[in-house]
Amino acid sequence: MSYEEKGTLVYLVVSALTYLGYVGVVLSRAGGAPMAEVSYVSPMLWSIGISIGLSIVGRIAFEMAKPSESHKPDARDRDIDRFGEHVAGIVLGGGMVLPFGLALAEAPHFWIANAIYAVFTLWAVFGASVKLVAYRRGF
Amino acid sequence: MGKPTRITNSIRALRFANGEMTQAELARRIDVTRQTIIAIEQGKYSPSLEMAFQIARVFNVPLGDVFQYPEDD
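Residue numbers (the working numbering), protein chains in the order written: chain A, 77 to 215; chain B, 82 to 154.
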């Protein structure tokens, strides 16, 4: 597994886990009350911050456990990255219709912000998954 | 995603014919990771034309001796 492939795997796991953690916190805060009234800003910012931090720490830890022979992306890494970003870009573009529609409908900020966060997470997870499949099965 | 490429190659045979060159050594010579050499040998990645020429140059053979493309039926 190359250095870039390991980084992609860490990014996938961290993105998914931190988002699930965020959803868990928000749901527990709701406690039956209307979702739009839940205090979500702080957990969302923490979730994003933790995600960035864990991606860095996770990559370092993975590298310490299984050192790579090279830390420089090569032509194949760049090709796979470009392919993954292209495919995931379709998900991002299509998904952004949701928060856009919510904003046009003047929905509460809670739903707009959460729709954006959900689409960004989906984009990250889908893009990383596409890249990992390309690494494993060929490209 | 099916088999990504119809291109076949003789890199493995050429490595052994050239003093049992390791994948790591070939990777070093053309400045890619060993994983990329493995992927090319297994037909899971089609290298760019430039990389293909670099590989052929390492073995000092024509490009057609390294990569082959099957005739259409």
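Just so you know, these hints were derived from the structure itself, not from any lab.
Everything numeric in this text was worked out from a predicted model, so none of it was measured.
Accuracy of the hints is not assured; some may be wrong.
To be verified - Incomplete in silico selection of chain B near chain A, CB under 10 Å:
no.: 1; residue: 86
no.: 2; residue: 87
no.: 3; residue: 93
no.: 4; residue: 101
no.: 5; residue: 113
no.: 6; residue: 116
no.: 7; residue: 120
no.: 8; residue: 123
no.: 9; residue: 143
no.: 10; residue: 145
no.: 11; residue: 149
C-beta atoms are modelled at their ideal positions from N, C-alpha and C, and glycine is treated no differently.
Hints, verified against the model:
no. : hint : result
1   : 86   : holds (7 Å)
2   : 87   : violated (12 Å)
3   : 93   : violated (17 Å)
4   : 101  : violated (19 Å)
5   : 113  : holds (4 Å)
6   : 116  : holds (4 Å)
7   : 120  : holds (6 Å)
8   : 123  : holds (8 Å)
9   : 143  : violated (22 Å)
10  : 145  : violated (21 Å)
11  : 149  : violated (17 Å)
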